[in-house]
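J.: Listed below are the residues making up each chain.
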Amino acid sequence: MSFEPKILGILCNWCSYSGADLAGTSRKKYPANIRIVRVMCSGRVDPVFILKALQSGADGVLILGCHPGDCHYTSGNYKALRRMEMLKKLAEQMGIEDDRIRLDWVAASEGDRFAEIIKDMTEKIKQLGPFPRDGGDNG
Amino acid sequence: MKSYTYFPGCSSEATAVGLDVSSRSIAEALGMELKELEDWNCCGSTPYGSLDELEAIAVAARNLALAEKTGLDLVTPCSSCFVTLSKARVHMMEKPQLKAKVNQALAAVGLEYKGTVKVRLLIEALMSDITAETITSKVKKPLKGLKVAPYTGCQEVRPRFGFDHPENPIALDTIVEAVGADAVPYPSKSKCCGGSAVIAEEGLCIELMYKLLDDAAKNGAECIVTPCPLCQMNLDAYQAKVNSKYNTNFNLPVLFVTQLIGVALGLKQDKLGLKKNIVNPNKVLAKYL
Amino acid sequence: MDEVRIGVYICDCGTNIAATVDTKKVTEFAQGLDSVVVARNYKYMCSDPGQNLIKDDIKEKKLNRVVVAACSPRMHEPTFRRAVQDAGINKYYFQMANIREQCSWVHENKEMATEKAKALVEAAVRRVAYHESLQTREVPVNPNVLVVGGGIAGIQAALEIADGGKKVYLVEKDPSIGGHMAMFDKTFPTLDCAACILTPKMTTVGQHPNIDLLSYSEVEEVSGFVGNFKAKIKRKARYVDETKCTGCGECTKVCPVHVDNEFDMGLSQRSAAYIQSAYAVPNKAVIDKKGVSPCRVACPAGVNAHAYIALISQGKFKEALEVVRKSIPLAGVVGRVCYHPCETECERATVDEGLMIRDLKRFVADYEMKIGREKAGPVEITKDDRVAVIGSGPAGLACAFDLIKNGYRVTVFEKAEKAGGLMRYGIPNFKLPENIVDNEIECIQEMGVEIKTGSEINDIPDLFNKGYKAVFLATGAGKNKELGIPGEENDNVFPALDFLKKINSGEKIAVGNKVVIIGGGNIAVEAARVAWRLGANDVTIVYKKSEAEIPASDSEVEEAEQEGIKFKYDTTADEIVVRDGKVTGVKCVSEAKGQKSDQFVIDADNVINAVGQAVEKTELSKELAFTDLGYLEVDPVTLETNVSGVFAGGEVVAGQLDVIASVAAGKAGAESIDRYLSGNDMREGRFEQMPRVTKVNKDKVKTKTRVVMSKLETSKRNDNFDEVELGFDESLAIEEAKRCLNCAVCSECMLCVKACEAEAIVHDVKEQTLEVEVGSIIVATGMKQFDPEVMYTYGYNRFDDVLTGLEFERLSNASGPTDGVVVKKNGEKPKSVAILHCVGSRDENYHKYCSRVCCMYSLKYAHLLKEKLPEADVYQLYIDMRCAGSGYEEFYLRLQEEGVNFIRGRGAEITNTAETPEEKDKLIVHCEDTLIRKKRRLPVDMVILSCALEPSDGAEQIGRVLSISKKADGFFLEKHPKLDPVSTMTDGIFIAGCCQGPKDIPDTVAQASAAAARALAMISNNKVEIDGATSEIIEELCSGCRICNNLCPYSAITFNETKKVSEINPVLCKGCGVCVSACPSDAITGNHFTNKQIMAEIEGVLA
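Protein chains in written order, with this note's numbering: chain A, 1455 to 1593; chain B, 1486 to 1774; chain C, 50 to 1152.
Don't read these hints as lab results, they were simulated from the structure. Keep in mind it's a predicted model, so treat the numbers as computed, not measured. There may be inaccurate statements among the hints.
The calculated DSS-like cross-link candidates involving lysine-lysine, where the alpha carbons are at most 30 Å apart (straight line), are [claimed, not checked]:
| no. | chain 1 | residue 1 | chain 2 | residue 2 |
| --- | --- | --- | --- | --- |
| 1 | C | K969 | B | K1572 |
| 2 | C | K222 | B | K1703 |
| 3 | C | K983 | B | K1676 |
| 4 | C | K1015 | A | K1483 |
| 5 | C | K222 | C | K92 |
| 6 | A | K1482 | B | K1584 |
| 7 | B | K1676 | C | K302 |
| 8 | C | K983 | A | K1543 |
| 9 | A | K1573 | C | K1015 |
| 10 | A | K1580 | B | K1586 |
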């Protein structure tokens, strides 16, 4: 059987979660590998969540927030952006492939875009294979 | 010196010799190196596509596969070749199964199409890479006072590969102004010349050509300039027929845009293929040649 | 902690979930999870029976946590929270799993969807175990309401709330309320006139005691939260005191500036001082002033060029000259010789050519002379102190002029026989006739300035002894610089200044046939032209630099060339050749491309030295300090010399200066002297920059070059000193003045101030900020019309007589630009009109949506046309007819009976290329009539484009200020498209009208009333619940690092200096959690979104 990744999605309540709901009401189809956890703002996302998620069974982690300039709490998404930049650098050091961790922006009206992002990420993680949870060569 | 792979197209050897000769001449003068594609074949154009789509794309793809090997952009002066080759490229890009089938055919002659080559129209490469400013700086005989009606044709404004505004194209006007001439505004500039339908529906197309010529002349044009071999042939070769059918006496030379640029760059007549034009351009161009 | 007892409920949602997710399996799975006491499966959990299941289980099975797996929590979380609360447990002990919108509706693979649903349920179960009980907070609601936008939606909402007894702040960015509805002619389907039904409401708004109408204002900033908003409102400068203005309109009649009238969609003009419409509320004037026009900013003497040009364009020549004289005397002089820096700055220059500002000034001065000047004075003397001015050139006279206007007694001492300085003795008559100078000086004398000619002053202290309290020294730089080459001492070498002075004094000077002038300024060229008039046929100007660099003005050089004068550029004179005591030539060297030529000789009988001016050091200036360059040293701002009370300006300080710069120096001197004598600060306020207008809209300007001023023919100039430039006549002046773009709109000509009997106009006010506190906000910013110019084929703005819908409304409106007569641009009545539907709407390239009202208003236009032009052919090109509304379909039927031609087919193109004789001079609408399957060409006289509705221009900005989202089409996002179209995602902010989506007036009014009802409901509840899911800092864990302090967008975190820890204000905190994830000590708890809860959910979802 082919590899079916588990992808964790952490979505902010206002824009991206609404966008995901809109994809639902519009009956857009996308793979079922994504599992979504809701937070109020992408700025709430602690980088530790992402690393722990990878340890706990996720093969990829997707953080979605409001487009820059449109954050419901004004600037939370900018903080998310900064943290993710740093996390990506750390992840690179640890040998985690860039495509496994993704930060993107989805507005409440972008049901299509949400579905496309899920399809794209699922495909990419499928290509990468399972996250080497048990250490691999670099430990 | 920018280098390109050059795809002349079949008309360049027949009805559009003027286009080929002048394209090569001005490319040299403007610092574009055109390396003719080795062993190129007819792109297939409109006729083949209406017979068998797969074969038509394969025929075009052969050229693309050959061009890919050179690693350079593939540039053609003929609007129709541009669209045919671009269509083939885009269809194969969007439909992997089609690409696989075509590659099967190409494999039989030891070729493979990867999808890396860029297909460009010579005029677009001129405008983007060389730029109108460079053309102006190299003009030796500014065509001051020459009233030119720019006729873009339909291929450069196609929705997928075109680069100009379909209802109000201005790229050609920009070139006309860059060589010092006056681009004459006339409402029919974006109307059809009849294209290849002239073979089957001559009467209808003569009417279309009449409307175009009439409009251009009414608005003061002394000559027409066009990038497309088919438009050039229609408006040039059939002008006499238009005159006899409608009792008019149009005498508008129809130049290839590359010929116009060539005159402005001070190149000699024989380097521009001006003798191949049916409606004699010598009178109108006399003071610039 | 008590034992966790969880109840799990899996909803089928009919077949919405159950068709894809195997809810039975999920329920079984849930039953097996830790701490789950009961797991049930039901068809509709949100229904009453569904909720009762939960409530009963809570009571019977003593549940203390509940999980529901169903639709999105954004849908029903509040529903289930209420249910659990009713059953007696804290509502935060609830968690929802989204297995519909984010599972069953989006996945096709049933197995995977079911596995995913299980994972989501497990996640919810693990999370809810960690939930804590939280309390919601109640905050009071401020009973005031802010309504943003004064169109029909805003008006309706404001009236509803005000009638409900609560206070409303109604903010409208235009000077008057009314919005687009005020522009309409009749409204469909009843055809009542828009103004008639709207104006009573507008008047009520204007007079309602509960409505604070803030017109010409914009909301700039909003902070706070539901029930407690603080708004900063920018009140733009009206320049009219609303408490005094009576709306009489006198100012609008006298204002000389006319610009496109926005209310008439540009079909008519309005003045800079205007009242928005005949039924404006408030009925007060407003002055449209965008800053200061560039020409004014460029003038060194601060002359208001814009104002006098605007006045000339209206034929108000006398008033124009008054404007000039407000700043400077010598209008006739400056109008001939100024180097016009204003013309270089003129924005018109970027279109075609800058205005002839200088020549227009000359025109009004000459005009006054022509009709006879009234006596200019005398001016009342109000001050005791007397001031002495030494030198009657432009600097001295300008200083005296300003001083006497200020009420000082001034005496000007002039060494020469007549006053005027270089104006009289330097500039030849063919450039500046003597009578002009005489007239200007007379004018100054009539004002009361005493001019003593033939009076040389040698002793300044003596002046003080005689009783003068201050002195302005403006003695100029009248000494000719030396050439510094051999031969210059010869008698036939004339210093230019001496040469010109003698000629201008009437003396006769003989010159030979060949004259060489060395120099390149205006003086050099003028000397050359004088030499030509004295009979020299071979006149050459030798200038050391290039043609591009020659300082003489372009027109001077041009006229000299016409007179046959030769110019040798890049040439230096090395020596004047003298033989037998007579000058025979000039030895010169030219330079070209860095190469010097061999020396050559230009034959000459006379040489004129015009290399420059220097200051003559005389007895007068013995106590005064000089700079290294040989000019008087003064303070650059105050112009004071080293001697107290003695000021100086003009060429004596700066060397060769243009007349206007000298005038500016004179004015600065007068200002300094006034401050000095009044004991005021010498420098304060003298540096203020005028705010130059930068953005000038030139889109609609048609090129029109300058008018041509007639000049004396060259053949007629040869033997006389008659003036060469002949000036304008009145019609030419008005024509030129009308080219002005009115950059700043209001020119500050001040005619409105004079005309206003109520004294309501105040030109120097600034915009203000008003802060208000409100509990709720209703956004009603309306819509704007799509601009069809981008649709090239429709020819809007390319052809005359292609109109947009709103333009037609104004044309048809009895109070519009043509009094309701429908005419073409050329004034003729159209015999045929085509109305094209769906311009910009239902279009992949522009807007996909249908604008809803266009079919109806297009029918309305057809009806109005048939009414006004019964014989006209009216064509209506539609795709579908959308007439859903009360009386709408009946209206459509009526129009069919009125004989309108309905063509089902979208207009493809409008062209004016005729193909048959009937099409000549018509606009041809090319379309396909799909019902008869034919292509048609309709020759018509007029085309109306029914354009799409778009969100208004200010909507994006307001969205940012209020943090409300927009939909993909740009209109504001409502909370729920069906069940809650007036709320936004932000509590306390409501939307109404077209800002939410295109709609007609009945729906707008209904929505506005709905929004008002919501606001009133909030106010009547008197309190509002704030979510308990806020963040808290655990004092013991806080290290006082303060990283969190600056992260909070609501400034909810402050640092307690005493305790040395940070604290969060729970009322301000909105629970976003940004601080929680930033805290390095994990000292902040994000209630209801704690790390433990989130991690449990993550682990559960991945299990």
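J.: Holds or violated: K983 of chain C with K1676 of chain B, Cα cutoff 30 Å?
T.: 20 Å, holds
J.: Just to be careful, I want the Cα atoms of K222 of chain C and K92 of chain C compared with a cutoff of 30 Å; is the pair within it?
T.: Status violated; Cα separation ~52 Å.
J.: Verify the proposed pairing of K1482 of chain A with K1584 of chain B, using a straight-line Cα cut of 30 Å.
T.: At roughly 28 Å apart (the allowed maximum being 30 Å), K1584 of chain B and K1482 of chain A satisfy the hint.
J.: Given the hint that K983 of chain C pairs with K1543 of chain A, does the C-alpha gap stay at or below 30 Å?
T.: With a Cα-Cα distance of about 66 Å, the restraint between K983 of chain C and K1543 of chain A is violated, given a limit of 30 Å.
J.: Can the restraint linking K222 of chain C and K1703 of chain B be considered satisfied, given a maximum Cα separation of 30 Å?
T.: Violated - the C-alpha atoms of K1703 of chain B and K222 of chain C are around 50 Å apart, more than 30 Å.
J.: So if I understand the rule, the pair passes when the alpha-carbon distance is 30 Å or less; does K1676 of chain B with K302 of chain C pass?
T.: 51 Å, violated
J.: Under the criterion that the straight-line Cα-Cα distance not exceed 30 Å, is the pair K1580 of chain A, K1586 of chain B satisfied?
T.: 26 Å, holds
J.: Does K1573 of chain A pair with K1015 of chain C here, judged by a C-alpha cut-off of 30 Å?
T.: Given that 30 Å is the threshold and the Cα spacing comes to 26 Å, the pair holds.
J.: Are K969 of chain C and K1572 of chain B close enough, with their CA atoms no more than 30 Å apart?
T.: Measuring from Cα to Cα gives roughly 42 Å; hence the hint is violated.
J.: Does K1015 of chain C pair with K1483 of chain A here, judged by a C-alpha cut-off of 30 Å?
T.: 25 Å, holds
In summary, the numbered hints that this structure violates are 1, 2, 5, 7, 8.
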